[in-house]
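Colleague: Listed below, chain by chain, are the residues.
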Amino acid sequence: MIPLDELLVFSGLLFSIGIFGVLTRRNFIMLLISVEIIMNSAILNFVTFSAYSPSSSVAQAVSGQGIAVVLIGLAATEVALGLAIVLALNRIIGSVDVAKAMELRL
Amino acid sequence: MSYTIPTISPYTPEISLLVAVVLIFLLDVAGVKSRILLGGATSLFLLLAFLEVLADLGTWPLQGLSTLPSGYLGTLQGPVIFTSFGLIFQGIFLAVALIVGFASISDPDEEGAPTFYALLTLAAIGMLFVAVSADLILLLLSIEITGIATYALVGYTRRDRRALEAAMKFYIIGALSTAISFFGASLLYGAYGTTQLSAFSTLPANHELALMGFGMVAAGLAFKATLVPFHMWAVDVYDGAGPNVAGFLSGGSKKMGLFALFVVFVAAVRVFGAAEGYVLFLALGSLAVITMTLGNVLALEQKTMKRMLAYSSIAQAGYMLLGVAIDTPAALAGATLQITADVLMKTGAFVVVGAAASLGIGPLITDYKGLGHSRPGISASFAIMLLSLAGMPLTLGFVGKFYLFFAAVEAPGYFILLAIAGLLNSAISVFYYARILRLMYMPDDSKAPASDGHSLTHSTLGSATGPATPRWASLRSEITAVGTARWITIVSVAVLLVLFGIYPTTLVGAMNSAAQQFWTIGF
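So the sequences go chain by chain: Y and B.
Note that the first sequence ends on residue 104 in this note's numbering; no numbers are left out.
Note that the second sequence ends on residue 684 in this note's numbering; no numbers are left out.
No lab work stands behind these hints: they were computed from the structure.
Bear in mind that the values here come from a model prediction, so they are computed numbers and not experimental data.
Misleading hints may appear alongside valid ones.
Among chain Y residues calculated to face chain B with C-beta under 8 Å, some are [as the list claims (entries may be wrong)]:
#, residue
1, Asn25
2, Leu29
3, Met37
4, Asn43
5, Phe44
6, Val68
7, Leu72
8, Ala74
9, Ile91
We put the CB at the ideal spot given by N, CA and C, even for glycine.
The whole structure should be built from the sequences, with the hints applied where relevant.
Modeller: Okay, here's the thing in structure tokens:
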């Protein structure tokens, strides 16, 4: 079995990659993917902690995996809406570049 | 784990709203696009849900608000718990949705009416579940249900470039904050082995992991609540969204974030506060002070009405954060009162901005010049809302601030400094609210030739007909110009602000006992 530490380091790395992507990318699709990577790191954490749960109660130990499934559904819903927004925006400003949508700063 | 099937009764508000959503979708398929019909039906269902929440509180017919029953209150049913504190917030959320839904009947008719009302109702359902969740995951999921509905609500017309840009910013920030919150929740799951909120009132074995988890959940929720390091998006989004939607975001979705902060942190702050000394309280207190100060100072220099209201909304979030920063139930009750007041005055103010736009008044603050003479009804209501925002006596805004600052003075330790900071901030905020009042009611010199066409023609027209015709005629023309539903909403919000400002006893009693109960249950 993979040690707990390595899994946590892996999900921490995923989280950092996601945050880095959100901070540096200017393409809306890339931003979406970065947010999804963060979400996936959270899901991975839930599964990890569930697998290594010291709790004697099975329901409590398994709940993390249930949460993971729910979160996968949530992530899919979010992306569907995000793509709808970016499609509508692309139709108007002809670009998926976040920097091009800066009218509100004025 | 044993499952008890909860009785249907506590869920009636949610079920009513679900019925409303299905009904709206069916009407949409049937080709009904009329705002009067759709908005009327939605408002009726929201009102029904609101009355059901009041009935759940045992306060129907509106008496004995200060003695709340036990009944199913406070008993855990799976991931859901009904506390009087949560039920009061359900009422608050439904009130926001009702104000926005009813006022939107007067919006110009367009294709999007069914979409708008369906999304509004869905967002309200999410908020109702936020108010009763006893599990961190259910809490965050409900927040995201509301979130997804509101991201779509901001850009639902799909044609307005500014609204779409606002929707995009709101979406990115919202999805990011949710993801960060869930990452924090996963760490808490690791530390505690469960996501039940009641578990967070103990110190876990892995102290640091839990603290990190709480920090991340807090950061995610602070985005929703527009606390200062995470406030940048709010102004752009409120500015780009339609005024009614902005009112819903500021009155509803932001209060939802604050409520979630209260629920997650009231127990946790006490536990970790005891472990870490005063550091945590210092951090929360200074966050509150920074939020209110920055919001107020930036509001001073705004030129457009919506951006000014957005910054003042950020400042209000600072006052409300005092509810967790000061470690007493009295402060929590004060914060709840302030939230109730803010829901009425801030949502009302955004509806007024929408009404002004329908009168052809521009977005700038100076465009409101002379409004008090030409449009007496909505100007008087707007004046009451602004006075309440500034915390003037005889309005609900004063009651909220009074109890909040009083709790800070009464609390042991150095919390009195927070009260002083809050009072200084209220003084700053009077400047920019008074500026609008002065503009609206200053002596009318608009007889001078109109320089910038559209915005001035209306005020000159109004003042020309004002003295000649009787007052009622000008009021009637105002109602038709603004739209009956919107006018009724604005005036009744103002009346409620004054009414509760003069007779706050029942409201204060209810908030106090709810906060006490919430305090003793522990989450």
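Colleague: Does each hint hold? Answer for all of them.
Modeller: Right, here's what the structure says about each hint:
1. Asn25: violated, 12 Å
2. Leu29: holds, 6 Å
3. Met37: holds, 5 Å
4. Asn43: Because about 3 Å separates Asn43 (chain Y) from the closest Cβ in chain B, which is inside the 8 Å limit, the hint holds.
5. Phe44: It holds, given that the least Cβ distance between Phe44 (chain Y) and chain B is near 5 Å, below 8 Å.
6. Val68: Val68 (chain Y) check passes; min Cβ-Cβ to chain B is 7 Å, inside 8 Å.
7. Leu72: Constraint on Leu72 (chain Y) satisfied, holds at 6 Å.
8. Ala74: violated, 11 Å
9. Ile91: holds, 7 Å
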